[in-house]
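Chemist: Residues per chain are reported as follows:
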Amino acid sequence: MTGPVPAGPLPDRPESDRLPSDRPLPAAPSLARDAGWHRLHPLSPLVRAGRQMMSLLVVLVGIAVLNQHQDGNLVADLVVIVAALVGGFVSWLVTRWQLAGGVLRIDTGLLRRDSRRFPLSQIQAIDVVQTGLARLLGLAELQLRIAGGDSARGGRLACLRLADAEQLRRQLLALAAVPAGGLAPQVTGLSYQAEAVPDPAGQPAARMLFRVRAARLSVAILLSRSGATALVVAVATWLTVQFSGSAGVIAPFLPVAFGVVAALWRRFNGEYGTTVVAAQDGIRLRSGLVQTTAETIRPGRIQAVRLVEPLIWRAFGWCRLEVDVADARQRREDRAEGQRLRALIPVGSRAEAGLLLAELLAGPPLPAQPAPARARWKAPLSYHFLSWNADDRYVVAARGRVCRETTWVPLEKVQSIRWVQGPLQRSLGLATVHLDVAGKRVSAKIEDRDSTEALQILAALPDLARAARSRAG
Amino acid sequence: MIDPGGPASLGRGKSGPGEPDVSWLRPSPLLLRARRIEVAVVTGPAAVIGGLAGQVVSAAAGIAIAAAIVLAGLLAERFLARRVASWGYAERNDDLMVRRGVMIRRLSVIPYGRMQFIDVTAGPLERALGLATLRMHTAAAASDARIPGLESGAAAALRDQLAALGEAQAAGL
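Quick mapping for you: the protein sequence lines, in order, are chains S and E. Using the working numbering, you'd call the opening residue of the first sequence number 1 and step up by one each time. Using the working numbering, you'd call the opening residue of the second sequence number 474 and step up by one each time.
Don't read these hints as lab results, they were simulated from the structure. For clarity, every value in this text was computed on a predicted model and none was experimentally measured. Positions of the beta carbon are idealized from the N, C-alpha and C atoms, including for glycine. Warning: the hint list may mix true and false statements.
Interface residues of chain S toward chain E, partial, derived using beta-carbon atoms under 7 Å [stated by the list, open to error]: (1) Arg116; (2) Gly422; (3) Leu424.
Using C-beta positions, here's what the derived DEER-type ranges look like [to be verified]: (4) E:Ala554 - S:Arg113: 36 to 46 Å; (5) E:Ile522 - S:Asp463: 50 to 60 Å; (6) S:Gly429 - E:Gly596: 46 to 56 Å.
With the hints as constraints, model all of the structure from the sequences given.
Modeler: See the structure below:
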C-alpha cells in the first residue's frame, strides 16, 4: 500500500494527471475537484511548529536576558529557528493530498517519500482540531481516526482553512456512509457536486443533546481527583510557608504546583463548552476554550459507553459520560492522556446522562443482577455496586465504590471474552468475566460472579454476540 | 452447541474450567522440557554465582546460598509441571477457546471472525526442540490468546486453519 507510488490509477480526467509542481498553488483548495491533488494551507508550518516555537522563544528570551554579552549564542539560536522554519516549509512543499475513489491519499516526505491511503469506509471518527494559533489564523487540522494504526502515522491534514476542513469532513463522512458496493460510482457522482452534500448542521435533523455549563464544570473539576491534588499541594505549600516563616522555601514546590495547575487547566481547556449534537452523519462533539476540537463519531462506531460517578460528585447528582471509539494506538508519551476516554458529558446531571445514553444506545439495560453476598469478602468496598445485566444487544457491568463506573458494551463489538479466577476468588467460588472491545484497553468487567454463573455467562455470550453481529450485518 | 457449564464441569478440579463436551487439545509434552531447561539455565549459574559470593563471608554461607537457589529452582520445577499442564485450547465451530493458569485461571473465547492477525514465533530454545508459540491478535489490546509449545508443523497448520476460518467469518469493527 505505502511506498513511493507515483500518481497511481486516477480517473481519466486530464487535470488530475498533472504533477503538483505543474499546478498553481491553490490557496483555497477547491474540494469539488476532488480527483486532483491539494496542498495544505501555506501557513500550516507555522501552526504546526507553533507550540514548540513558543517554548523555544521563551527559552531564547531567557538566554538572551541572562547572557547578553554572548551574542554568538543568539545568532546560533536564530539559525536553528530559521532552519526549523525552512524545514517546515519544505515539508509543506512536498505534502499533498487527494480524495479519489473512496480513498484519501496523503503523500509527504522529501527524501523518504511516504504515501498513505485511508479507505474512507475504515474511518471511525473525524476530528477538526484548532490550536490557539490556528484559531487566530483561521486554520484547522483534520484528524482521521483509524482503528489500530499508530497515532504518529495516522491520517492528519494540518492545516486547512477552517471552512475547508469543515466541508472536507462533511464530504468524507458522506462518502464513508455510502455502502462499499456502490462506492466508486457514487464518489464521482458526489465529487462533482460537493456542495450538494447535505449540511446536517443547517438541518432540523441536528438536535442538541447536551451542553456543559461552565460554572458547573469548573466546580466539578475542583471537586475531582486533580482538584483534590491541587488542594493538597496548596495546603502543603501554605503550611511550609507558615512554619518556616519565609516564602523562599516554596521554590522546590513550584514545578509540582505548576504541573498541577497545568493539569487542571488542560482539563478545563479541553472540556470547556462541550456540546453534543445528534446529526445525520453521527454524533457531533465540540469542546475547548483555547484549543477547540470538533469531533464526529460515525453511527455504530461506539465500542463502549462508560458512566463515571465519583464519590463527591454523587452528592451533587453529577456524573461523567465517556465513549470509546476504536482508535489509533497511543504512543507511549501520549498514553497518560490516551487512557482518558473522550467525555461526551464532562459533568452533567443523571437526567442529562440518561437522555444521552438513550440516544447512543437503543434501550440499554440497567445493571440489575447484584453479585453474590460472599463477594463482600473479596471486594469489601466495591461489593456495594457490583452488578451486571444483559439483553440481546448490550451488556452492562457496574463496579467501583469510591468512583462508581458503569460500562455498556454493544454485543456486536465484543472482540473476545475472558473468564478469570484468582486464588481468593477460587476459595470463595467466584469468577470474573471480561468483555474486551477494540479501543484503549476498555473492557466491561462482570466482576465476582458465582463461578458457575460466570461459566454460564462465558458459554452464552459468544452466541449472543454472534447473533448481534449478524443482525448488525 | 455447548452445555453452559453446570456444576459438573466445575468438579474437574485441577483440569480447570471447561465444558464437558469441549475436547481440549494440549501443547506438546516437549513444552515442559523447554520450561525445565529454561529454569535450569537460570538456576545453575545463579547458584554458582550466589555460592561464590557467599564464600566471601564463609564457606558454609556459600553452600547455604547455593543450596537455597537450587531448592528454589526445584520448587519452580514442581510448579512448572502444573502450569504447563494447565494450558489447553479447543477449536469450536465459531471460536477458539484457550485456557491457562494455575494460581490465576483464565479461559478466553475468541471468535474466529474477530481475528486481526496471527503470528507464530519460536525462540532459539523452542526452535531446538521443534516448538513454536502461536498468538492470535484481535482489535482489542486486552485479548489474550497465546498457545505455547505447539510442534512447529502443528503450529503452521493451526495458523493456516485459523486464518481460513477468520477470513470466512470476518466481521467489521
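Chemist: Against which earlier hints does the structure fall short, listed by number upward?
Modeler: 1, 3, 4 and 6
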